[in-house]
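Engineer: Residues per chain, in single letters:
There are 2 protein chains.
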Amino acid sequence: MISPFASNAKIQGFAGFLLFAGFVLAVTATAADPATPGWTPPTVSEVGKGVWRIRFGQPERFTPNAVRESQPNWDGIARLPAPGTLPFQPEDIRCRVTPARTVVYVPCDEPDDQIYGFGLDPAAYEQKGLRKYLSVCAGVMDKTGASHGPVPFWLSTRGYGIYVDTARVPWVHVARLAAKTAAATATAAEELKTQAADLYIARPVAGKTAVQVEIPGDSQGVDVYVFAGPTPREVVQRYNLFSGGGCLPPLWGLGMKYRAFTGANQANITNLARALRDRQIPCDMLGLEPGWQSRSYSCSLTWAKDRFPQPESMVNELNRQGFKVNLWEHAYINPDSPLYAPLQPLSGDFLVWGGLVVDFADPRAFRLFADYHGQTLIDHGIAGFKADECDNQPLTDCTPFNFPYSSVFPSGIDGEQMIQLYGYYYQRSILSAFRARNHRTWGDVRATAALAAPLPFNLYSDAYQFDQYLRQLVNASFAGLLWSPEVRDAGNLDELLNRFALSSFAAQMCLNIWFMPHPVWEQYDHDKNLAHELLAEPEQQRIAARLREIVTLRYRLLPYLYASFHRYQAEGLPPVRSLLLDFPTDAELRKVDHEFLFGDNLLVAPYLGSEHRRQVYLPKGCNWIDFTTGTLHPGGKTLTVEGQTGDAPLFVRENTLLPWAEPVSHIASETVFDLTIKVYGDHPEPFTLVEDDGETYDYERGAQNRLTLTWANGQGAVVKNGSYPGSRYRLSRWEKVALHP
Amino acid sequence: MISPFASNAKIQGFAGFLLFAGFVLAVTATAADPATPGWTPPTVSEVGKGVWRIRFGQPERFTPNAVRESQPNWDGIARLPAPGTLPFQPEDIRCRVTPARTVVYVPCDEPDDQIYGFGLDPAAYEQKGLRKYLSVCAGVMDKTGASHGPVPFWLSTRGYGIYVDTARVPWVHVARLAAKTAAATATAAEELKTQAADLYIARPVAGKTAVQVEIPGDSQGVDVYVFAGPTPREVVQRYNLFSGGGCLPPLWGLGMKYRAFTGANQANITNLARALRDRQIPCDMLGLEPGWQSRSYSCSLTWAKDRFPQPESMVNELNRQGFKVNLWEHAYINPDSPLYAPLQPLSGDFLVWGGLVVDFADPRAFRLFADYHGQTLIDHGIAGFKADECDNQPLTDCTPFNFPYSSVFPSGIDGEQMIQLYGYYYQRSILSAFRARNHRTWGDVRATAALAAPLPFNLYSDAYQFDQYLRQLVNASFAGLLWSPEVRDAGNLDELLNRFALSSFAAQMCLNIWFMPHPVWEQYDHDKNLAHELLAEPEQQRIAARLREIVTLRYRLLPYLYASFHRYQAEGLPPVRSLLLDFPTDAELRKVDHEFLFGDNLLVAPYLGSEHRRQVYLPKGCNWIDFTTGTLHPGGKTLTVEGQTGDAPLFVRENTLLPWAEPVSHIASETVFDLTIKVYGDHPEPFTLVEDDGETYDYERGAQNRLTLTWANGQGAVVKNGSYPGSRYRLSRWEKVALHP
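Chains as they are written, first to last, in the working numbering: chain A, 9 to 749; chain B, 9 to 749.
To be clear, the hints were calculated from the coordinates, so they are not data collected in a lab. All values reported here derive from a predicted model rather than from experimental measurement. Please note: incorrect hints may appear among the correct ones.
Since the list gives no way to pick one copy over another, a pair counts as held whenever it fits inside one copy or between any two copies.
Said to hold, decoys possible - Below are the DSSO-like pairs computed for lysine-lysine, each with C-alpha atoms no more than 30 Å apart in a straight line: (1) K313 to K201; (2) K201 to K536; (3) K201 to K645; (4) K744 to K313.
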């Protein structure tokens, strides 16, 4: 027989072959199908109003929830708006616990919703269709979400959020996989591709899909939490309150932080402090970089006596001048450190830069580290720390510094979990030393984890592109994180000024001038600054003046920002946040990752790069007032704004009462802000200022006052409630702002 | 008491704090220390001469060794030189099997050795100090070793090799981690860094270290194999023979392969075949790209009738003209394919491009796939396949096409293991169909695994930089892999010619012109070729002539290369390999990843990029003869060579007998090569040619002849042994090559 060869005949040939093969297989349901056996049974509990826990198997010993800083604020959760309806039942979340990994499947079948979150993602805003790799990571790895704050928490525009409680590095497939059960129909022929790039573009997923979380290794089980809305805003609030509520910084923490040259000595620091005051640039915090220590890679955590012969008198003098001092460090302990011997048995089996890796999961190590900071540094006037290098180098970096996943620690925590939690534990240890002294602190940290809202530390990163800096600020607000888009240097003066401006509207304003020996206004070019090639004095004056203007605007808004932080603490509402949270029905906002809300009523649209012109989308649902011109714009439209670099276009929500302070050079215990209340619109909403000592935790025990401002019939009024005996604000006047179309 | 604050006083303060802390901790041994409990006990067996297996716990069900193609060639191993002394005992290899991962520690304390291997690494040659991530990977991820052929096998210049038998994605820390037990001494103060890049440079590791392999998930245990030398060459031979020995291609597979335009139709293919013969460019294989199928993403595995109305007659006609036909495909099965229904229940739970993921680990699926290829394609004249898309997209790609690690398959293989083994199984399934017909095949594959030496498939990749292409060729020889540095396009004509030349000295020579409708000599610029903007005829002639010269040189060397492949098959010695393997004591070669041996006696030093000048290092231990000029050079020195692009500088080892064939346009069953034996030097080593039918496995049953050539007293002699009745070579003459200094 001569075999036929055309397509039809081949099928005949293959039919014969099937007979030859001699078996017939029934089409069976497969794994992604809930009808298949092998699913781990869920135990669902409603643990709070609109918060469900779904437990699969036995969760691991070390997870963010197991090692959390604070207990959930259930009362706060109960005070939120009533939960909305979920688009699925908690029981619809499925999980498969296998020896190699635990996999969670959360239904995500809505064609028109969008997913946000996964922490401090520098590169992606809308998350559907992406594969995430939620590793703590010092670099940007495309849109994988590997970042300084990877968080397996996401929210849907449909008004729910999911948190998967793991300290391992999960892969997350965000509505991008097609299950076999979903589609098995013939496909249309496609045009042949003649460019490699065309072959591998992402294609839409047909049929049922999910957000699918793969947790590798040691799979005993996992807890999944569901947070109800009704809108994404309440989802975020529930998550943050479940985390324990947002942190409350000391009032001085909202001022400006200037981080000095790594090689600065005592005289240089003293001179810098004087220069800031001479230039009349408001500043509250001075940061000392590696050079303050006798050994910095790894860390001795002791002063370098050659550079700082009298550290205590320097710190005292800086404090007297109104500067809080923040010290850079990391938690790899040098043999020269007094902490080395006691921590030697309470550390991992590998060294980093020759230093011990602290086993923070062991309460003895945690306390040794905290108490050392307390007794040798905090008790001597240090107000905060910058916890560096607790991040993890990207897996594309083949000569990383970090300890391996296989590290062994006396506490029994796994190396992978320790890498993911190192920054989180580190913050908690430092914080505990301040809490023990009833001091609030305000710090910087290079990495964090889920449930981090109660920790008063600001993330910073090496994702330094302007768009990444801005996107991280917006994404942070979905995940209980605070982001400090620190200014280091810039390609040109315009970009420098725009970076100043962006930083001034973040939770923390920080100039991190660690690699320049001279103040940034004397020379912003790194190499020239290092070479002592300074700008001419008129240029220095011009830059200092612009910086002063930018910082002053922030200081005028500090009472307003501080009120927002009190809301963060009590209600879980982020002080700086995505517009999506306040305008959930405006679909135009789904892609807007370059504007944000600063407090409840100010929309900030920073100039990008070295531009001084941009488009601004104003959300639907209210009118907006251009802060500079007083022009009233309806929401739902896009404007073009233009100004000078270093300005940040600002729009005030109509019907806002905006507290506006006389500027101060810094915030002392006794500072009283002199306020004008600016009235925008004819029917302003009430606004609540909060006053307390600004420095301690006494507010938790009632030592705070709530000052509710109202305006009616051309008249302002204040109602004060609370038992804080002091007074932080002097309301000088009310100013009805003239609006024009 | 006023607290002292200076450095000394702080230590006092801390001493007080330690008393306060109220506990004293003994310094204990930690995990990386073999004295610590927690190690998994090894079971050591010498499984072959110079091959040890160290078993820890219970290995997983799916590993390369468990699913291997061929049994070890123990006889071949026994015939190798006696094993050298290992620098450690097999028992010194330690392992910790934990629920989250299995970790293997292989001592690597020699300060002066170097480590090579880890598969088809495109970016790293010397491996010490690196962190590897041995994922099958379609892109280059720095020096992590993620590649199209990641292999957890490495070798040391000390003369041993290690294979860790896992199908998971291991992290490997290659002598880069410092154990706590190794170093705890005070450090010298370092200069403060003022550039971020300076902070994170890799620093040398002090004290004891290891090659540390972390295998994630499902950790029951693992087998580790140790291969003795005495030199790296015998290590590689032992590993390849343990794999089953190298593959033996059909003789025609060593000719040139030209892959045609994806959109070509029957007439275009016929014209291309004619054009190759008209231009007198030797060619044995034509490859058809996606357009031959009715559906290609995912694959129908049936002919596109519109483009190919009479495929059988076309294939018959091509075969008659001396062209073997190779078909592109991948193993994601389109609903339109006859294979869809039978494979539906024997596939993974997720689709790729809407196609089924074949559960090759289920013998039924494996056989269905093989038999379909056999009955509908191989039995109709198809001689080979290109198995594409079985690789895995880099984890930095956030919209990948591949199935997830959490995929579930009926056979019980894990998704991660399946991703790592998909290409390996795929080759085996195809190969089994050819073996069942007693046909050798020669194919292309996008991904492979460990123990792959017996598989007659050539890797190709998207790492297309010239240096990466060359480095992969050299690295492949450490890992039982074959590498085809296929030519696709080039920035300019010089680079194109150099790429031709490099390809001509690889295990497979392939021009993959899949995205150009016209032959590459008519227009090598992709966009212009697509736009039908062809070169002027004189320029076309010039390019075709150069291509003809380059290909002809390869065809002249085919008998020589075929002999090398027989050595690969019987002795495990790679036909194209790193110079390190033949000159293990020449430390200058440790960094030389841009020259290689082609067969036993030819050193190839290709021109890089679009250069026509380069430096060539000639290994110590013998003299070398410039192939073009006949100039004799002593080994151990670096020359500068210069020529024209498209040449590849060639050096012949002194005292070589080099078979040199009259060129042919292609290799038919009846082809007899007309040979000149070129004699280089006065005391040449014997050389053994092998002849057989070139097409079947009959050689395994003795149907091969070994023709041993010797030269003495100005006279050549041939001794023939074996029972193959045919004759493949006609020895016309011996030519003593004139050498001059």
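Engineer: It remains to establish, for every hint, whether it holds in the given structure.
Structural biologist: Hints and how they fare:
1. Only between protomers do K313 and K201 lie at most 30 Å apart by alpha-carbon distance; the minimum there is 18 Å, versus 67 Å within a single protomer.
2. Taking CA atoms no more than 30 Å apart as the test, K201 paired with K536 passes between copies only; the shortest distance there is 16 Å, against 50 Å inside one copy.
3. For the homomeric pair K201 and K645, neither the shortest alpha-carbon distance inside one copy (40 Å) nor that between copies (49 Å) is at most 30 Å.
4. Taking the shortest alpha-carbon separations for K744 and K313, neither the intra-copy value of 57 Å nor the inter-copy value of 78 Å comes in at or below 30 Å.
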